[in-house]
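Colleague: Now for the letters of each chain:
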Amino acid sequence: MREINGAEIILEILQEHDLNTVFGYPGGSVLPIYDALHSYREKIDHILTRHEQGAAHAADGYARCSGKTGVCIVTSGPGAANTVSGLMTAYMDSTPMLVITGQVSVNNLGTDAFQELDITGVTDSITKHNYLVRSIEELSDLLREAIYLTENGRPGPVLIDIPKDIQTSKMSYDNFQNSCSSEYNTVSEYKYIYEKPKKNETDEFIEMIRKSKRPVILAGNGVMKSNSSKELRKFSKKFDIPVATTLLGLGILPAEDRYNLHMLGMHGTAYANYAADEADLIIALGMRFDNRVTGNIHRFCKDAKIIHVDIDEAEIDKNKRADLHIVGDVNLVLKALLKYKAEGENKVWMNRVMELKKKYPLDRNFSTDYILPQYLISKISELTKGEAIVCTDVGQHQMWTAQYYNFNRINSIITSGGAGTMGFGLPAAIGAKLANPNREVIAILGDGGFQMNSQELMTISEYKLDIKIIIVNNSFLGMVKQLQEVFYEKRHSFVKLEKNPDFVMLGRAYGIDSYLAETPVELDKLLGEIFSKKRSALVNCIVSKEENVFPMIPGGKSVDEMIMSKEEL
Amino acid sequence: MKKYQILVIMRNRPGILSKVSGLFSKRGFNIDGITCGVSEKKEHFRMTITVIGDESFVEQVKRQVAKLIDVVKVQILDEKKVVKRELALIKVKSDSENRLEIIKIVEIYRAKIIDISHEALIIELTGDSNKVEGLIGVMDKFGILESARTGISAMHRGI
Chain A
63 MREINGAEII LEILQEHDLN TVFGYPGGSV LPIYDALHSY REKIDHILTR
113 HEQGAAHAAD GYARCSGKTG VCIVTSGPGA ANTVSGLMTA YMDSTPMLVI
163 TGQVSVNNLG TDAFQELDIT GVTDSITKHN YLVRSIEELS DLLREAIYLT
213 ENGRPGPVLI DIPKDIQTSK MSYDNFQNSC SSEYNTVSEY KYIYEKPKKN
263 ETDEFIEMIR KSKRPVILAG NGVMKSNSSK ELRKFSKKFD IPVATTLLGL
313 GILPAEDRYN LHMLGMHGTA YANYAADEAD LIIALGMRFD NRVTGNIHRF
363 CKDAKIIHVD IDEAEIDKNK RADLHIVGDV NLVLKALLKY KAEGENKVWM
413 NRVMELKKKY PLDRNFSTDY ILPQYLISKI SELTKGEAIV CTDVGQHQMW
463 TAQYYNFNRI NSIITSGGAG TMGFGLPAAI GAKLANPNRE VIAILGDGGF
513 QMNSQELMTI SEYKLDIKII IVNNSFLGMV KQLQEVFYEK RHSFVKLEKN
563 PDFVMLGRAY GIDSYLAETP VELDKLLGEI FSKKRSALVN CIVSKEENVF
613 PMIPGGKSVD EMIMSKEEL
Chain B
334 MKKYQILVIM RNRPGILSKV SGLFSKRGFN IDGITCGVSE KKEHFRMTIT
384 VIGDESFVEQ VKRQVAKLID VVKVQILDEK KVVKRELALI KVKSDSENRL
434 EIIKIVEIYR AKIIDISHEA LIIELTGDSN KVEGLIGVMD KFGILESART
484 GISAMHRGI
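The listed protein sequences derive, respectively, from chains A and B.
For the first sequence, the numbering used here assigns the number 63 to the initial residue and increments by one for each residue that follows.
For the second sequence, the numbering used here assigns the number 334 to the initial residue and increments by one for each residue that follows.
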């Protein structure tokens with residue numbers, strides 16, 4: 063009788079779900095899985111990162127670009143612990159991700175055995191769900207359930223902890239094939255199959271639009287996740303409603319779309335913030351009124367009625383009370399709404415919105431002989447026609463990217479929105495490139511964040527991934543510096559990175575073409591050159607140290623306290 | 334601010350209690366009490382969680398709990414239809430002089446004395462929280478050595 067062991071079951075089930083690219087790092091407690099991976103190397107691509115955190119972020123980047131679940135395999139104890147930042151990042155941004163951790167053998171559980179960690183306990187609050195598998199019989203069911211959960215309903219990361227002896231235990235192949243037991247069926251009841259919204263809900267929705275004079279759509283990650291870019295575009299045009307997006311919603315509408323107000327919130331465009339503030343109806347689609355979006359929640363859109371559409375019922379009324387809500391998939395809701403007839407145009411309001419757009423554009427005065435970070439991003443945007451996948455870390459460079467990169471396509475901004483994880487950008491770019499080998503992938507990083515996972519340069523180099531790495535180097539932890547300038551009387555406390563390594567030499571040490579750019583002229587030439595080649599390159603861009611991100615609504619404040627430039631500080 | 338009882342039915346899987354309590358600490362919700370045990374189906378656990386807050390707070394608690402994967406059912410119990418009970422064990426200092434007095438009080442409360450020694454006795458009481466607090470109040474003057482309360486278990490009347 064043919065037998066199969068736990069490790070092989072894991073790989074079989076990954077294949078069954080078309081999850082053929084996995085990221086990971088081996089160790090003692092996952093040796094059986096790695097042994098099986100050796101036999102499955104024709105069927106499953108394993109990407110060896112240089113740190114488990116890198117593997118988790120890469121799986122995240124892969125998932126955000128491919129729409130599939132990102133898979134990450136690591137060993138027990140420290141290996142598992144190193145995925146914590148990756149799990150938190152994926153959890154906050156609703157990325158479907160499966161983390162498989164090795165665990166000490168069942169009989170050693172709870173004895174503080176070598177490299178033992180209660181990883182399910184550790185990750186309870188940053189996973190959608192997690193499991194400790196206790197027998198070979200339940201392994202396949204729980205794993206199938208775990209994968210199911212990552213992508214159904216509100217997506218999120220799921221961790222499954224598998225003791226080493228379960229990886230080596232065997233069962234008959236026939237039993238494995240027939241092992242869709244009742245337990246797995248129980249979770250199948252937990253289907254997030256949303257029906258079309260009810261007619262009375264959409265009737266009221268349309269009625270509220272008809273009654274409003276100044277509607278604004280706030281579109282978030284949920285619109286992206288439900289693949290509703292096309293529907294949203296039709297909807298905003300049909301009903302004449304401008305669209306502001308959250309950070310993770312950038313790219314839902316093409317940058318030049320007349321209805322696109324771009325990003326709102328703390329560092330959003332002034333016109334998006336003013337439009338939202340003047341609105342009498344807010345249509346929030348797949349967004350959760352994060353405090354970086356709302357500032358002072360009580361004064362946010364204070365005169366507006368609110369319609370909230372979200373797949374997660376717990377988001378309704380969590381931060382902001384909604385006058386009408388629909389729990390469900392944004393795509394189905396938009397499709398239902400598109401069936402209604404629109405009542406002419408809303409010229410007065412659209413004229414006002416255009417006036418705001420004209421009156422408060424982003425500052426584009428770039429004529430300096432040093433490199434302005436905003437210029438750098440604009441230049442990259444221009445060279446790639448807003449079509450690239452842009453991965454960032456967190457900080458000033460991230461906000462400049464959000465403001466000055468003209469995102470024209472969905473799933474193009476890969477950034478840690480909710481968690482704000484430094485060190486995310488470089489490994490995420492690895493996942494993004496593997497998910498989309500044919501698209502240009504750029505990692506835009508600060509000099510701080512870059513150093514948090516710079517070891518992943520080796521992964522890029524080893525797998526010959528064509529990723530353009532741009533370091534926005536101002537020798538500062540820029541965003542913290544900016545906060546110290548605004549809130550702490552410019553007392554720069556431990557934010558200057560006095561001693562950065564020579565990033566060009568560092569890049570070259572990893573076998574990546576690396577360059578230094580100190581002037582706009584050098585920069586133009588270098589960017590032109592690297593984007594003409596299909597191979598990875600690193601550019602250390604020395605940018606102005608003084609530059610800060612504007613506009614800025616200081617934390618907890620509202621639109622009327624927006625700071626437009628450094629002169630207002 | 335009001336006390337609410339939330340009924341939670343969960344699949345009986347390892348670690349469910351920590352998943353619920355972890356959710357409460359993560360969201361900054363205060364648990365006033367929690368009772369837990371097997372329900373009428375052995376594969377389901379039943380919890381009664383008591384929280385203090387306003388209506389929108391308890392609604393948010395309910396939605397967050399409902400999100401837990403192992404949760405089968407969540408319901409905010411209706412104050413008008415609910416039967417609530419709590420078990421308390423109270424150890425009171427007692428000697429031959431005051432023993433009779435204590436026994437009388439215990440009878441009035443329809444509680445039970447389940448253990449007697451030379452210096453103390455243990456009272457078992459089942460009832461709603463007011464009744465438990467009432468008895469504890471009365472026993473205070475004799476000197477309460479220990480008290481153990483289970484927290485509220487609750488159920489709707491009728492079908």
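Hints in this document: simulated from the structure, not taken from any laboratory.
Among the hints, a few may not be true.
To be verified - In silico EDC-like pairs for lysine to aspartate or glutamate, Cα to Cα no more than 16 Å straight-line:
1) A:LYS380 to B:ASP461
2) A:LYS380 to B:GLU388
3) A:LYS419 to A:GLU266
4) B:LYS400 to A:ASP186
5) A:LYS367 to A:GLU266
6) A:LYS382 to B:GLU392
7) B:LYS359 to A:ASP186
Colleague: Which hints from the list above does the structure break, by number from lowest to highest?
Modeller: Hints 1, 3 contradicted; others consistent.
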